[in-house]
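Peer 1: Each chain is listed here by its residues.
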Amino acid sequence: MKERLAASYWLHESHYTALSSPTVTERRRAAMERFEAEGFPTVRHEDWKYTPLKKILKEDYALSSPFSAQDDAEPIEFKDIKRYLVNDIDCYRVVFINGRYSAWLSETTHQGFDVCTLGSAWKKYKDQVEPHFGRLTETLGATVQLNTALAWDGLYVRVPDHVTLDKPIQALYFTTGDQPMFTQTRSLILLGEGAKAEIIERHQSLTSSASWTNAVDEVFMGAQSHLHWVKLQHDEASAALTQHSVIEQKRDSHATVHTISTDGKFLRNNLDFKLTEPGAESRMFGLSLADGQQLVDHHTRVDHLAPHCTSRENYKGIFDGQSNGVFNGQIHVHVDAQKTLAFQENDNLILSEKASIDTKPQLEIFADDVKCSHGCTVGQLDEDALFYLRARGIQRKEAQALLMLAFAHDAVADIQHPSLQAKLHRLIGNKLGVDMSAVV
Amino acid sequence: MLEIVNLHASVDGQPILKGINLRIGAGEVHAIMGPNGSGKSTLSNVIAGREDYEITEGDIRFHGESILELAPEERAHLGVFLSFQYPVEIPGVTVSNFIKTAINESKKARGEEPLDASSMLKKMREKMDLLEMDKGFLSRSLNEGFSGGEKKRNEIFQMAMLEPTLAILDETDSGLDIDALRIVANGVNALRSPQNAFMVITHYQRLLDHIVPDYVHVLFKGKIVKSGDKSLALDLEERGYDWIKKEQE
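Here the protein sequences come in this chain order: A and B.
Going left to right, the first sequence walks through residues 344 to 783 as this note's numbering numbers them.
Going left to right, the second sequence walks through residues 2 to 250 as this note's numbering numbers them.
Keep in mind that the hints were calculated from the coordinates and are not lab data.
Since this is a predicted model, take the numbers as computed values, not measurements.
Where is the CB? At the ideal position from N, CA and C, for every residue including glycine.
A couple of the hints might just be wrong.
Quick list of in silico lysine-lysine cross-link-like pairs, BS3-like style, CA-CA up to 27 Å [what the hints assert, rightly or not]:
1. B:231 x B:246
2. A:510 x A:425
3. B:108 x A:740
4. A:774 x B:109
5. B:109 x A:740
Covered stretches of chain A (chain B as the covering partner; in silico rule of three or more C-beta atoms under 8 Å from a C-beta of chain B) [to be verified]:
6. 500 to 511
7. 649 to 659
8. 695 to 702
9. 717 to 729
With beta-carbon atoms standing in for the labels, derived distance ranges [stated by the list, open to error]:
10. B:112 x A:724: 24 to 32 Å
11. A:389 x B:52: 37 to 45 Å
12. A:551 x B:52: 35 to 43 Å
13. B:243 x A:724: 56 to 64 Å
14. B:191 x A:421: 55 to 63 Å
15. A:724 x B:131: 30 to 38 Å
16. A:421 x B:116: 51 to 59 Å
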């Protein structure tokens with residue numbers, strides 16, 4: 344696999360770099376060289392200790408290439424993807440099929456701001472893309488390097504200073520086809536001073552064949568900008584996602600990221616924040632509902648590089664069947680980051696003897712005037728609460744679902760759209776085998 | 002309505018109830034009193050169907066049928082209600098959603114139509130007035146951040162909404178100031194009818210000034226050792242439980 348991936352890069356390098364300056368060419372090349380040297384991380388690697396990539400590496404993946412001829416044998420139509428959209432919110436829509444932009448299914452804009460695709464921005468917005476591409480990912484692990492070398496397309500957003508997007512952006516990444524598919528997607532989000540944007544993102548397989556999407560996102564937030572990003576992970580049971588998102592925040596900017604993971608075989612989320620100027624605030628919420636053989640992994644990292652920044656983190660996990668959860672929360676408070684506020688919470692419910700969660704807070708604090716806290720819990724459903732609900736006439740299964748929803752509440756409470764909330768409740772209800780419309 | 006016959010129950014092999022006999026008829030209010038650890042809360046939990054207890058002997062019959070094999074929710078559907086001593090906090094579930102769910106689950110189980118939204122709201126308003134509750138209550142998370150008094154009032158509110166035939170009030174008076182006690186008692190009295198019955202578990206006589214019982218029973222070491230009318234409660238208030246303990250030893 345490693346060799347095939349490397350070959351696909353060296354074979355197409357001239358395509359990848361045709362539109363780029365030598366600096367970007369060098370960045371891609373260095374990334375591929377690092378991937379070749381390191382290969383995919385194994386469980387001996389501390390960051391991948393509980394997340395064995397070999398589980399998904401064994402498939403015989405076809406590699407989607409941005410430069411081969413488009414395969415139009417089985418065109419995807421709107422009706423095929425409609426059910427995966429959040430339909431009742433008016434949105435910009437950027438759709439990718441097997442890593443390639445689908446203009447037909449998308450609704451982009453260049454009116455006052457850019458919501459389009461990285462594939463077109465290489466040339467069109469070279470002056471914006473080049474200084475940013477790969478800047479936040481240089482030191483990251485092998486899967487990210489692989490992406491830096493091989494990725495071509497994904498969401499591109501640029502919002503100028505003091506502009507608020509008039510509606511949210513839905514970024515949809517679909518995988519299709521009869522054979523297993525390995526896809527790289529890459530997004531770049533540039534928010535100017537005081538800019539505001541909202542993104543709803545979903546990776547979705549349209550086939551029962553295995554798929555693996557390796558996604559990397561770089562987000563640059565100007566002073567006083569706002570970003571709300573909702574990641575919906577409700578993929579097919581054959582689908583895997585490894586995603587590394589890095590967000591750099593300037594003075595007084597506010598970022599909120601929700602990651603809602605209910606379905607999919609293998610989910611590895613890396614979410615990094617770099618708070619580089621005073622007053623920046625990052626909030627992270629996660630909800631993992633896993634059963635069967637699912638694996639849901641959250642690795643988060645916050646670098647407090649400047650004073651007076653705040654990070655708040657609240658991840659909830661419910662694990663049933665033989666599912667595994669991983670939570671690793673790193674908070675680094677650097678020497679100059681006085682008056683940092685950093686809070687981290689990870690709470691888990693284990694519903695079966697064969698399910699497990701490995702949770703690890705990791706705080707490194709080099710400033711002395713800070714407020715940092717972390718907590719993690721692992722428990723079962725509260726029998727007292729269950730009896731209370733049942734004694735009021737609520738069936739055992741509904742009572743369990745109600746308690747799980749209540750447990751999960753914090754993680755989804757801040758999602759503002761009622762229709763998105765309703766969709767989440769439906770998804771959670773489906774997962775728990777309960778019609779939630781009857782319960783809440 | 003309720004018939005408890007020679008009921009023995011234990012937890013983890015430890016016998017708690019050691020042969021309870023009690024009959025409660027429609028329209029009656031029974032008070033169960035007794036010192037700490039005498040088995041009062043166990044009795045109420047066992048009637049409501051808590052599964053941590055093992056019934057080793059005897060029977061509980063409701064309207065003539067044994068309910069020992071029924072799940073807590075099935076007992077609730079039949080009209081058994083337990084007001085908890087320590088109501089559980091459930092963040093993220095509003096009082097109104099919870100009550101709606103509870104009522105409609107019971108209706109579903111009885112094969113009745115669910116209550117429509119406007120009748121539900123009307124009924125809620127009516128019962129809230131009865132219990133002098135604030136309207137904002139409905140949209141709060143169930144018991145979360147409620148004071149002791151609010152929790153108990155919320156229990157009685159749920160009872161008023163569910164209209165049980167048998168209501169068991171487990172130390173509903175504990176943690177209530179005198180005004181809250183009066184309001185709760187008024188709520189209970191307003192719900193009294195010839196068709197339903199109450200079992201009021203309490204340490205103290207003061208609740209019984211407001212909810213006047215037809216019968217008073219003293220539970221001691223897992224048995225009902227004395228029964229009488231409301232004057233027994235006054236006796237206990239005056240003399241404490243020591244004379245009962247002495248009588249038993």
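Peer 1: Now look at each hint and say whether the structure bears it out.
Peer 2: Evaluation of the provided hints:
no., hint, verdict
1, B:231 x B:246, "holds (20 Å)"
2, A:510 x A:425, "holds (19 Å)"
3, B:108 x A:740, "holds (17 Å)"
4, A:774 x B:109, "holds (23 Å)"
5, B:109 x A:740, "holds (15 Å)"
6, 500 to 511, "violated (count 0)"
7, 649 to 659, "violated (count 0)"
8, 695 to 702, "violated (count 0)"
9, 717 to 729, "holds (count 4)"
10, B:112 x A:724: 24 to 32 Å, "holds (29 Å)"
11, A:389 x B:52: 37 to 45 Å, "holds (44 Å)"
12, A:551 x B:52: 35 to 43 Å, "holds (41 Å)"
13, B:243 x A:724: 56 to 64 Å, "violated (42 Å)"
14, B:191 x A:421: 55 to 63 Å, "holds (59 Å)"
15, A:724 x B:131: 30 to 38 Å, "holds (34 Å)"
16, A:421 x B:116: 51 to 59 Å, "violated (41 Å)"
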